[in-house]
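Colleague: Taking the hints into account, I'd like the entire structure generated from these sequences.
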Amino acid sequence: MRGFEFLQNITVGQYLPTGSILHRLHPVSKLIILFLLITAAVICSSLTGLLLGLAAALAGLALARVPLRYAFKGLRPALPFLIFLALLQIVAIPGNDVGNVLGRWWIITITTKDFLAAAVTMIRFVALILLISLFTFTASTRELTHGTEYLFKPLQKIGFPAHEFALIITLAMRFIPLLALEAERIVRAQASRGADFGRGRMSLIRRVRRMMPVLIPFFLAALRRSETMVLAMEARCYTGGKDRTKLIQFKAHMSDPIAVAIVCILCAGILAAGRMGLDMRLWHLIGG
Amino acid sequence: MDKKLIRKIVIGGVMSAIAIFLGATHLGFIPWFAGASLTIMAVPVIIGAVLEGPIVGLVIGFLFGLFSLIQGAIAPTGPADVWFVNPLISILPRLFIGPAAWLVYRSLKGHVRVPALILSGIAGSLTNTVLVLAMIGFLGHLPWLMIGTIAVVNGLPEAAACAIITLAVVAAWQKIEYGRRRSDLE
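Heads up: the sequence lines are chains A and B, in that order. Quick note on numbering: our numbering labels position 76 of the first sequence as 401, and the sequence is numbered without any gaps. Quick note on numbering: our numbering labels position 39 of the second sequence as 1001, and the sequence is numbered without any gaps.
Worth flagging that the hints you see were computed from the coordinates, not collected in a lab. A quick note: this is a predicted structure, and the numbers were derived from the prediction, not measured. Treat the hints with care, since some could be wrong.
The calculated lysine-lysine pairs, modelled on DSS-like cross-linking and capped at a C-alpha distance of 27 angstroms, are [unchecked claim]:
| no. | chain 1 | residue 1 | chain 2 | residue 2 |
| --- | --- | --- | --- | --- |
| 1 | B | K966 | A | K571 |
| 2 | A | K478 | B | K966 |
| 3 | A | K478 | B | K1137 |
| 4 | A | K482 | A | K398 |
| 5 | A | K482 | B | K965 |
| 6 | A | K571 | B | K965 |
| 7 | A | K482 | B | K966 |
| 8 | A | K571 | A | K438 |
Modeller: Put into structure tokens, the structure is as follows:
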């Protein structure tokens, strides 16, 4: 643990208001688009399909007018690890021994299939990172909450607590800065009593024990706070869900169904690319 | 609105906030040797489930997973964060932490409160470790041998740490007495 400052180190999301066409979409459309693209990228196991997904993410970033420098911020620390992961995929995970054997040392056999698997893994991660970044650039946490509530509203008829779920997200977002201040207070208080949070060589048990004087008061303070919150909500006769109006209304435009339709076609394309055997053709094209 | 429901909502929100906070500030990581660290981020999920039931645990687990998905993409703090951009690794396994912890607590609390809390902490943490690692292995990111080693070397101390914190917090909150150390002020 370094220092006593927690509040300034927390960022949830990274909304970048550029007012682009993607920013103006309805929160529900944004959530549906994110869900579709992530599902497609996770299911798809073909190189061509994932390259299509990656292209979609890059096109989205361009449409959202997000500087690429920002977008790649999340990739930079991940890159060495991605390379390590790819190497591991090539060396350690036994492939199906399909494709040409490129080399054989000791117990390690490297085939073209291994390289294909490594490329698929890397591109999937890069595409996912860019897609999630794109979402956080274009949707604020408020939109996330409202979007969730709108999205699950139809399920309310069968008893799904859509409003309560959205309220939990709102509360969590609201409580994070409060908890940060609480944690700062507790760390300072314990340090003033001589608690040592410095780094040093010590056993695991001592490390865990060292965290206790901070973690336990922290949890208890949070629970106490939530009890106050319950009381406050009840005293004000809080009722949620039905017939409740909102301060901020989001309106859907023509661009919403169009955007969702385009993404649906794109996802179909991503998933179909694997079926059509394009991978092998692409592979032969680059000389594999 | 029912007071019980309001409490479920508020505890769900606050525990989710703690899970997010512990992840974002690294307070939830206890550094160990060779850059590995024990994570106690499952604790808020376990406590939420023990106090308010399996649905609340499920929701906290979902938000905890969603946040680790976002963090893996925009602000990876360690190399392993990259894996978590895949929702099959970050969200799906975390849904089971709360229900598993609640199930263990529920089935034991009638007999013995303290062991029930300890075991539900262990169950919640192990659910997290085992399901996340199984998913990583299933997707072929790591060889199974390595996964087994991580599960034993990292997972078991992690479960112990989670159990201790769960016990200490819930016992203090519900005023359950245990052990020989008691405050002189009471």
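Colleague: Taking the hints in turn, state whether each one holds.
Modeller: Here is what the structure says about each hint:
1. K966(B) <-> K571(A): Holds, at roughly 24 angstroms.
2. K478(A) <-> K966(B): OK: K478(A) and K966(B) at ~22 angstroms, within 27 angstroms.
3. K478(A) <-> K1137(B): Not OK: K478(A) and K1137(B) at ~39 angstroms, beyond 27 angstroms, violated.
4. K482(A) <-> K398(A): Violated, at about 42 angstroms.
5. K482(A) <-> K965(B): Status holds; Cα separation ~22 angstroms.
6. K571(A) <-> K965(B): Given pair K571(A), K965(B) holds - Cα atoms ~23 angstroms apart, limit 27 angstroms.
7. K482(A) <-> K966(B): It holds: about 21 angstroms lies between the C-alpha atoms, which stays within 27 angstroms.
8. K571(A) <-> K438(A): violated, 54 angstroms
Violated hints, in rising order: 3, 4 and 8; the structure is consistent with all others.
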